[in-house]
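Colleague: Per UniProt numbering, the sequence shown starts with residue 1, numbered consecutively.
Read the hints as simulated data drawn from the structure, not as lab findings. Treat the hints loosely; a few may be bogus.
Unchecked claim - Straight-line alpha carbon distances no greater than 30 Å define the calculated DSSO-like cross-link-like pairs of lysine-lysine that follow: (1) K231 / K272; (2) K315 / K192; (3) K375 / K407; (4) K62 / K415; (5) K272 / K288; (6) K167 / K112; (7) K415 / K404; (8) K319 / K192; (9) K193 / K183; (10) K399 / K415; (11) K315 / K272; (12) K112 / K183.
Claimed, not checked - Computed Cβ-Cβ distance ranges for the label pairs, DEER-style: (13) K407 / Y140: 23 to 33 Å; (14) E339 / E438: 51 to 61 Å; (15) T452 / Y140: 18 to 28 Å; (16) R191 / H70: 52 to 62 Å; (17) Y140 / R191: 47 to 57 Å; (18) K183 / S53: 54 to 64 Å; (19) E299 / R331: 42 to 52 Å; (20) E171 / R191: 29 to 39 Å; (21) R322 / T452: 41 to 51 Å; (22) V217 / E312: 16 to 26 Å.
Glycine residues also receive a C-beta, built at the ideal position from the N, C-alpha and C atoms.
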Amino acid sequence: MIFHKVRDRPIGSRHCDAIPSLKRNEVTWSEPRSRDAVMSVWFVCVPNEGNVSSESTFLSLKAETASSRHDYAECIRVELPSDLLVGTLDSLMALSDDLSRVDMVIESVVRKIERQFHDLNRDNQDLTVDGVPVERYLIYFSWDEAKHPHRRPLPEIVSIIQSSLGKMEEEIKQLGTRYAEKKQQLVGLQRKKGGNLMVANLNDVLTPDVVSASNFVNTEYLQTLVVIVPKNLEEQWLLEYAQIGDQIAEYGPKGSRSNTRGSPVVPGSSRKLMEEGDSSVYTVTLLKGQYQPGFLDKEGNFGPGTTVDYIEDFKARAKEKRFVVREFDFRPMSHASTEEAIAELEVEVDRLCSALLRWCKAHFGEAFIAWMHIKIIRVFVESVLRYGLPVNFVLVMFKPHPGKEKKLRSVLAKKYAHLQPAQFSGLEEGTSGSSQAEFFPYVTNSFHPLTTT
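Kindly produce the complete structure, drawing on both the sequences and the hints.
Modeller: Dropping the structure here:
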C-alpha cells in the first residue's frame, strides 16, 4: 500500500540529492554460501531526515545492517540520475498503479529467457549482463542514459521498455516453438527406430539383411502380415494361428456363403523372421476379404455389392490372444530414408539449439537491464508518493545473508517505525492491511535476480 504525502498540485521537475562518487571498485559481494542458494536482493529507499545528507543516511543504515558488529547483509548505494522528471501528481499515481503489473510482465520475459537458456545449456555457461556476471552488474548499476534519457517523461520510458520486451517475448516464443517442433519430430523418429517391436518402425527392423521381397505376398486376394509374438507364447502361436478368427471368413457355396465359416489364415503360411528381446517376429498370410454380390430385396430394390475386410477382424481376434498384428510393406530403401531423416533432423535440431542459445545469451542482458530500470522507476515513484517533495531520499540495495532476512527486516522496521502511518501502528511490519498487500514503513522491493543456480 502507498501513502501519499505529495501536495495536491502539479509537481515540477525535481531532482534527487546529489550522490557523491563511490569507490565502487572496492565493493564486492560474497559468493552464495550454498551453490543451491538463490540470491535475494532488496531495494530499500529511505528519506534523508532533517538536514542529514544522503551519505550520512547511508552510512547510518549500513552501520546497523551491514557492519562487522551487525552483519545481516551486504549493501551498496544505488545512484540515480540527478534530475529524473517527476511530472504531475496524477501522472505519478497512474504510473504507480501500472508499474506493479509492468514489473511482473517484464520479469516473466526475463524468466522465460533464463529457463530456456538453462534448458539448452550443455556447457555450464553463465548468463551475463553487459558482459559481466549478474551480481557485478547490480553492484555497478548505472542508469542507461543512451537507451533511456532521464529527461524523458517516466511514463514514456516505461512504455518504450514495455514495447521492446513485448517484441522480445514474441521472438523467443517463435524460436522456442520452432525448436520444440523439430525436437519432437526427432524424438518421434528415434523412438520408433529404437522402440520395442510393438511400436518400432518395421522398416528399421525388417531390413534387407533380415528379409527379402519373397517373404511377403500382396496380391488382389492375399496379404502377408507381420505378427509380434511374445516368446513365451510362440508354441501357442504355432499351434493356433491357423484357427484364429475361425468365424471371420465365409466358405459356403454360392448363395449360402455364411453357412460355412473359418479362419482367413492360409494354413502353413507362418514363418519366423527374427527375435528381439522378449518377442519374436512371424509372418502370416491371410485372405484379404470377400466380395458380397449385390441383391434384390423383397420389394425389388437392388442392394449394391460390398467387400468384407478380413484383416481388421483378424487383428482384433489375434490381439485377444496377445499377438500384435502389424501391416508391413517391404521397401528396401525405407531404412536408409529413415536414417537420413534422423541425421538431417539431428543437424537441424543442433542448429536451432545453438541459435536459440545464442539468442538467449544476447538478449538476457538487455531484458535484465530493462527490468532493473523498471524496478528503479517503481521505487522512485513510490518514494516520491510516500515521502513527498522535495525529493530527498537515498536508495540502497541489500543482499541479505541466508537466514538473516527476518533479522534485517526487524532492524529496518525498528529504525523506521516512526514513518509508519497511524492507521498501521498496530500491525507488525510486513503484515497485510485492508489492501491485502504487505506494508513496510519504508519503500522496498525485493526480488531474485536469477531463479536457477
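Colleague: Taking only the CA atoms, is the gap from K167 to K112 under or equal to 30 Å?
Modeller: Holds, because 13 Å separates the two Cα atoms, which is no more than 30 Å.
Colleague: Tell me if the beta carbons of T452 and Y140 are separated by a distance inside 18 to 28 Å.
Modeller: holds, 23 Å
Colleague: Please verify whether K272 and K288 have alpha carbons no more than 30 Å apart.
Modeller: Between K272 and K288 the Cα gap is close to 21 Å, so the pair holds against 30 Å.
Colleague: Please verify whether K193 and K183 have alpha carbons no more than 30 Å apart.
Modeller: holds, 15 Å
Colleague: Is it true that the CA of K415 sits at most 30 Å from the CA of K404?
Modeller: holds, 17 Å
Colleague: Taking 30 Å as the top limit, are the C-alpha atoms of K231 and K272 close enough?
Modeller: Holds, at about 12 Å.
Colleague: Per the hint of 42 to 52 Å, is the separation of the Cβ atoms of E299 and R331 within bounds?
Modeller: Taking Cβ atoms as reference, E299 and R331 lie about 50 Å apart, which means the hint holds.
Colleague: Given the hint of 47 to 57 Å, check if Y140 and R191 actually sit that far apart at their C-beta atoms.
Modeller: holds, 49 Å
Colleague: Within 16 to 26 Å: is that where the Cβ-Cβ distance between V217 and E312 falls?
Modeller: holds, 18 Å
Colleague: Confirm or reject the claim that E171 and R191 have a C-beta distance inside 29 to 39 Å.
Modeller: holds, 30 Å
Colleague: E339 and E438, beta-carbon distance inside 51 to 61 Å?
Modeller: holds, 60 Å
Colleague: Quick check on a hinted range of 23 to 33 Å for K407 and Y140, using CB atoms only.
Modeller: Cβ of K407 to Cβ of Y140: about 27 Å, so the range 23 to 33 Å holds.
Comparing the model with each earlier hint shows no violations; every hint is respected.
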